[in-house]
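With chain F fixed as given, assemble chain U onto it according to the hints.
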Amino acid sequence: MKFGKRLKQQIEESLPAWRDKFLSYKELKKLVRQISSAESCVEYGKADAEAEFVHLLNNEIDKFNVFFMEEEEDFIIRHKELQQRIKRVIETWGPNGTKPSEAEYKDEMAKIRKDIVNFHGEMVLLVNYSNINYTGLAKILKKYDKRTGGLLRLPFIQKVLQQPFFITDLVSKLVKECENIIDEVFPVEQEDEEEIVKEQREAITVAGKGIFRNTVAALLSMQEIRRGSSTYGHFSLPPMDLPDSDLIHSFQLNSPIPIV
Amino acid sequence: MPSSFLALTSFKDKYSTSPSSFQVSSGREVMENSASLQESSLAPSNGTLGNSSLSPSIVTDHMCASALPHVQHSHNPAFISQSSRDLASLPPLDASFSQSTASLIHTQGNKDVSWSLDRLQMFLDLPENTPAPNQLVESSTGVLASEDHNKKTNWQEWADDLINVVDPDWSKILDNTNVLNPRVEVPKPSGDISKQQPQFHQNQLVPHGEFSSHAYPSSTAPPTKPRMRWTPELHEAFLEAVNQLGGSERATPKGILKLMNVEGLTIYHVKSHLQKYRTARYMPETSEGTSEKRITSIEEMKSIDLKTSIGITEALRLQVEVQKQLHEQLEIQRNLQLRIEEQGRYLQMMFEKQKKVEDEKGGVPSSASDDLLAPLPGSKHPPCNNGKSDSEALEQDHSRTGIGPGNAGTNEDKSSSGVSTKLKMLETESTVHDESGFSVSKRARTEK
Numbered sequence: 001m002k003f004g005k006r007l008k009q010q011i012e013e014s015l016p017a018w019r020d021k022f023l024s025y026k027e028l029k030k031l032v033r034q035i036s037s038a039e040s041c042v043e044y045g046k047a048d049a050e051a052e053f054v055h056l057l058n059n060e061i062d063k064f065n066v067f068f069m070e071e072e073e074d075f076i077i078r079h080k081e082l083q084q085r086i087k088r089v090i091e092t093w094g095p096n097g098t099k100p101s102e103a104e105y106k107d108e109m110a111k112i113r114k115d116i117v118n119f120h121g122e123m124v125l126l127v128n129y130s131n132i133n134y135t136g137l138a139k140i141l142k143k144y145d146k147r148t149g150g151l152l153r154l155p156f157i158q159k160v161l162q163q164p165f166f167i168t169d170l171v172s173k174l175v176k177e178c179e180n181i182i183d184e185v186f187p188v189e190q191e192d193e194e195e196i197v198k199e200q201r202e203a204i205t206v207a208g209k210g211i212f213r214n215t216v217a218a219l220l221s222m223q224e225i226r227r228g229s230s231t232y233g234h235f236s237l238p239p240m241d242l243p244d245s246d247l248i249h250s251f252q253l254n255s256p257i258p259i260v
Numbered sequence: 001m002p003s004s005f006l007a008l009t010s011f012k013d014k015y016s017t018s019p020s021s022f023q024v025s026s027g028r029e030v031m032e033n034s035a036s037l038q039e040s041s042l043a044p045s046n047g048t049l050g051n052s053s054l055s056p057s058i059v060t061d062h063m064c065a066s067a068l069p070h071v072q073h074s075h076n077p078a079f080i081s082q083s084s085r086d087l088a089s090l091p092p093l094d095a096s097f098s099q100s101t102a103s104l105i106h107t108q109g110n111k112d113v114s115w116s117l118d119r120l121q122m123f124l125d126l127p128e129n130t131p132a133p134n135q136l137v138e139s140s141t142g143v144l145a146s147e148d149h150n151k152k153t154n155w156q157e158w159a160d161d162l163i164n165v166v167d168p169d170w171s172k173i174l175d176n177t178n179v180l181n182p183r184v185e186v187p188k189p190s191g192d193i194s195k196q197q198p199q200f201h202q203n204q205l206v207p208h209g210e211f212s213s214h215a216y217p218s219s220t221a222p223p224t225k226p227r228m229r230w231t232p233e234l235h236e237a238f239l240e241a242v243n244q245l246g247g248s249e250r251a252t253p254k255g256i257l258k259l260m261n262v263e264g265l266t267i268y269h270v271k272s273h274l275q276k277y278r279t280a281r282y283m284p285e286t287s288e289g290t291s292e293k294r295i296t297s298i299e300e301m302k303s304i305d306l307k308t309s310i311g312i313t314e315a316l317r318l319q320v321e322v323q324k325q326l327h328e329q330l331e332i333q334r335n336l337q338l339r340i341e342e343q344g345r346y347l348q349m350m351f352e353k354q355k356k357v358e359d360e361k362g363g364v365p366s367s368a369s370d371d372l373l374a375p376l377p378g379s380k381h382p383p384c385n386n387g388k389s390d391s392e393a394l395e396q397d398h399s400r401t402g403i404g405p406g407n408a409g410t411n412e413d414k415s416s417s418g419v420s421t422k423l424k425m426l427e428t429e430s431t432v433h434d435e436s437g438f439s440v441s442k443r444a445r446t447e448k
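Heads up: the sequence lines are chains F and U, in that order.
Under UniProt numbering, residues 1 to 260 are what the first sequence spells out, in order.
Under UniProt numbering, residues 1 to 448 are what the second sequence spells out, in order.
Pulled out of the complex, with its shape left as it was, chain F reads as follows (with noise of 0.2 Å):
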């Protein structure tokens, strides 16, 4: 059950928009116990009951590939935005522009580093969507075929692979665009910046709702998940290697929900 603890708490800590459109985890788990159990009796036959099994996988593929193509139509329009809304207050405000204004300018621009951030988060935790899923949809899979003795995994995931919502490179190229972006549009870091800001990180407190909040859960959810377990097998994934883990624990002070 870790896994579906886990999706769990990703979940709640998502964006709220976002909660319905994930695996419905826990509800395939049961059906798929039922499944197993209901075999025995011959009255609903195996070749039905994975085909219900299937009908179901497939629709929710379907809401995962609507709701992530919808998003992803989102991402390409504000990134094209976030450029025009760039170049506008660099060409009015900036130096060279019409009505040249620091205050303005640096007002500005701080607003847009502050969204292009989010827009940055947001791309990301969707793509971190687009693989929960999967790995959600592998491990109900894997269960199946163990319950039920069936072959179902092997090519019901590899359909799985090619579907718009595990294709993720188009919001991976925005997201490598964006941090290009936030390079450009974010002052170079000086030496004393940097040593400040070693020390105050842990001064650092993340509480409420938030795109950062989201991130921290993702990052942390997805070592959890990845630690081992007793089904380790050719299929699984190896431990993560995350660098950063301790300073993203601590990211997690007064979480109410800790991630553990």
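Any given hint might turn out to be false.
Simulated crosslink set (BS3-like; lysine-lysine; CA at most 30 Å straight-line) [said to hold, decoys possible]:
#, chain 1, residue 1, chain 2, residue 2
1, U, 276, F, 111
2, U, 355, F, 176
3, F, 80, U, 324
4, U, 355, F, 87
5, U, 276, F, 106
6, F, 111, U, 324
7, F, 8, U, 324
8, U, 355, F, 143
9, U, 324, F, 5
10, F, 159, U, 353
11, F, 80, U, 271
12, U, 271, F, 87
13, U, 258, F, 159
14, U, 271, F, 176
15, U, 356, F, 143
16, F, 159, F, 26
17, F, 159, U, 355
18, F, 106, U, 324
19, F, 2, U, 356
20, F, 80, U, 254
21, F, 142, U, 355
22, U, 324, F, 173
23, U, 353, F, 46
24, F, 146, U, 355
25, F, 142, U, 276
26, U, 258, F, 80
27, U, 356, F, 159
28, U, 353, F, 142
29, F, 146, U, 353
30, U, 276, U, 258
31, F, 29, F, 8
32, F, 46, U, 356
33, U, 276, F, 173
34, U, 356, F, 146
35, F, 176, U, 276
36, U, 276, F, 80
Bear in mind the hints are in silico, worked out from the structure with no lab data behind them.
For chain U alone, kept in the frame of chain F given last:
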């Protein structure tokens, strides 16, 4: 079986006449039903609205009811959460799931469903559509024939296109009521829609967007079926068209569609994209619309604590770092997952090849099969070695179990069961993730 049949029939009768009171009550009714599996399968938690979830099991009998198109607003959390509260066991299921499930129980297979759909198509005068040959198309899905899904998809899409061409606000109205009466709509714009259909399925958007006309029945946002996947290039074309037409306020979807001149793009795609665009454009001060609410609390924290200590810029930098890390980890994980499945595919292929060889040779293990295993790609050594040793183990077992006279048939059975057992063991193994341990335990099991 008989009991489930009867139960289903009673559903049908109950619900066919009152589609409006469908949504929540149907769920409850189903929950009260006895048959366990049937209960869970037929419990439609109706995230989809305005749909007779159960009645379309026999499409022909209730054509009007079943002509109710699928409309779901993806942003209707209140409704979805209500229905999921009502129906404890299952995620939002859409009508087509219930449809085909019901038909499975009721009609023993897909044939009746497609037959019913054929009749429906005739009735509605739809052109026959074949699945679009798109890379993203899932034309070979689960157990259910993809054709059926496509037919359903096309028909629903057509019906939904109708509604949206006629009145864009219908989707809002439909959200709130469960009563749909597309019979009224049916005769009118059928001509336009049927013209749109074949054009759409041609799918020649190579430079621009991609269409994923899923073979899965869509559970949400029916107007965008087959779903349109936007790309930056396509968006650029969109922007150009908008600018030519005088900006986002003045440009009309029709005009944009014409200017863009992208095959397969429908006015609905343009319309919804335009809406998104307008929203994004006119919310710049409130930082990209919806994200504003989400980040409010974090901004408060930032301004109170962090302004005093690190400053907003640094806090943002930190946030970006964490986000970058998450992204990196996700990419790594994804690549791993891809590779794992690739190897699994490869192994299965090897098993099947082996099986074929054994079948042909009547179970006589030969060096030929070893040759099959020879060209293993270098990059995949560890698991490939496992695969090899597995197959060899299989080989040895078969030779051991004897290829006596007249045993060809038995050996075939053994080999096929051996292969499938092997695969199953591979899937369900719970041994240590260690190469030698892996092969050793495998051999141990095979020898059982």
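Structure-based check of all given hints:
1. Between residue 276(U) and residue 111(F), the direct Cα distance comes to roughly 21 Å. Compliance with the 30 Å bound is thereby established for this hinted pair.
2. For a cut-off of 30 Å, the pair hint linking residue 355(U) to residue 176(F) is broken: about 46 Å separates their Cα positions.
3. Proximity of residue 80(F) to residue 324(U) is assessed by CA-CA distance (about 20 Å); at most 30 Å being required, the pair is judged to hold.
4. A hinted pair counts as satisfied when its Cα atoms are at most 30 Å apart, and residue 355(U) with residue 87(F) does not qualify at roughly 63 Å.
5. Taken as a hint, the residue 276(U) and residue 106(F) pair is honoured in the structure, with Cα atoms around 29 Å apart against an allowance of 30 Å.
6. Between residue 111(F) and residue 324(U), the direct Cα distance comes to roughly 20 Å. Compliance with the 30 Å bound is thereby established for this hinted pair.
7. Under the criterion of a C-alpha separation no larger than 30 Å, the hint pairing residue 8(F) with residue 324(U) is consistent with the structure, at around 23 Å.
8. A distance of roughly 26 Å separates the Cα atoms of residue 355(U) and residue 143(F); the hinted pair therefore holds under the 30 Å criterion.
9. Of the supplied pair hints, the one linking residue 324(U) and residue 5(F) holds, its CA atoms being roughly 25 Å apart against a limit of 30 Å.
10. The suggested pairing of residue 159(F) with residue 353(U) holds, with an alpha-carbon distance near 22 Å, which does not exceed 30 Å.
11. Among the hinted pairs, residue 80(F) with residue 271(U) is consistent with the structure: their alpha-carbon atoms are about 18 Å apart, no more than 30 Å.
12. In summary, the hint linking residue 271(U) to residue 87(F) is supported, as the alpha carbons are separated by about 27 Å, within the 30 Å threshold.
13. Simply put, residue 258(U) and residue 159(F) have alpha-carbon atoms about 35 Å apart, too far for the 30 Å limit, and the pair is violated.
14. Proposed proximity of residue 271(U) and residue 176(F) is supported: the alpha carbons are some 29 Å apart, at most 30 Å.
15. Between the alpha carbons of residue 356(U) and residue 143(F) the distance comes to roughly 29 Å, so the proposed pair stays at or under 30 Å and holds.
16. Taking the CA atoms of residue 159(F) and residue 26(F), the gap is near 22 Å; set against the 30 Å cutoff, the hint holds.
17. Distance restraint check for residue 159(F) and residue 355(U): the Cα-Cα separation of roughly 24 Å lies within the 30 Å cut-off, and the hinted pair is therefore satisfied.
18. With a C-alpha separation of about 25 Å, the suggested pair residue 106(F) and residue 324(U) falls inside the 30 Å cut-off, and the hint holds.
19. Simply put, residue 2(F) and residue 356(U) have alpha-carbon atoms about 40 Å apart, too far for the 30 Å limit, and the pair is violated.
20. Restraint check for residue 80(F) and residue 254(U): satisfied, since their Cα atoms lie roughly 23 Å apart, inside the 30 Å limit.
21. Taking the CA atoms of residue 142(F) and residue 355(U), the gap is near 24 Å; set against the 30 Å cutoff, the hint holds.
22. With a C-alpha separation of about 13 Å, the suggested pair residue 324(U) and residue 173(F) falls inside the 30 Å cut-off, and the hint holds.
23. Restraint check for residue 353(U) and residue 46(F): satisfied, since their Cα atoms lie roughly 27 Å apart, inside the 30 Å limit.
24. A hinted pair counts as satisfied when its Cα atoms are at most 30 Å apart, and residue 146(F) with residue 355(U) qualifies at roughly 23 Å.
25. Of the pairs offered as hints, the one joining residue 142(F) and residue 276(U) is violated, with about 39 Å between alpha carbons and a cut-off of 30 Å exceeded.
26. In summary, the hint linking residue 258(U) to residue 80(F) is supported, as the alpha carbons are separated by about 22 Å, within the 30 Å threshold.
27. With a CA separation close to 24 Å, the supplied pair residue 356(U) and residue 159(F) stays within the 30 Å bound.
28. Proposed proximity of residue 353(U) and residue 142(F) is supported: the alpha carbons are some 24 Å apart, at most 30 Å.
29. Only pairs whose Cα atoms come within 30 Å are accepted, and residue 146(F) paired with residue 353(U) is accepted, the gap being roughly 24 Å.
30. Restraint check: the Cα-Cα separation between residue 276(U) and residue 258(U) comes to about 19 Å, which is no more than 30 Å; the hinted pair holds.
31. Restraint check for residue 29(F) and residue 8(F): satisfied, since their Cα atoms lie roughly 14 Å apart, inside the 30 Å limit.
32. Distance check on the hinted pair: residue 46(F) and residue 356(U) sit about 27 Å apart at the alpha-carbon level, within 30 Å; holds.
33. For the given pair, residue 276(U) sits about 21 Å from residue 173(F) by alpha-carbon distance, which is consistent with the 30 Å threshold.
34. Between residue 356(U) and residue 146(F) the alpha-carbon distance is near 26 Å, which keeps this suggested pair within the 30 Å criterion.
35. A threshold of 30 Å between alpha carbons decides the hint, and for residue 176(F) with residue 276(U) the separation of about 23 Å falls inside it, so the pair holds.
36. The hinted pair formed by residue 276(U) and residue 80(F) meets the criterion: a straight-line CA distance of about 13 Å does not exceed 30 Å.
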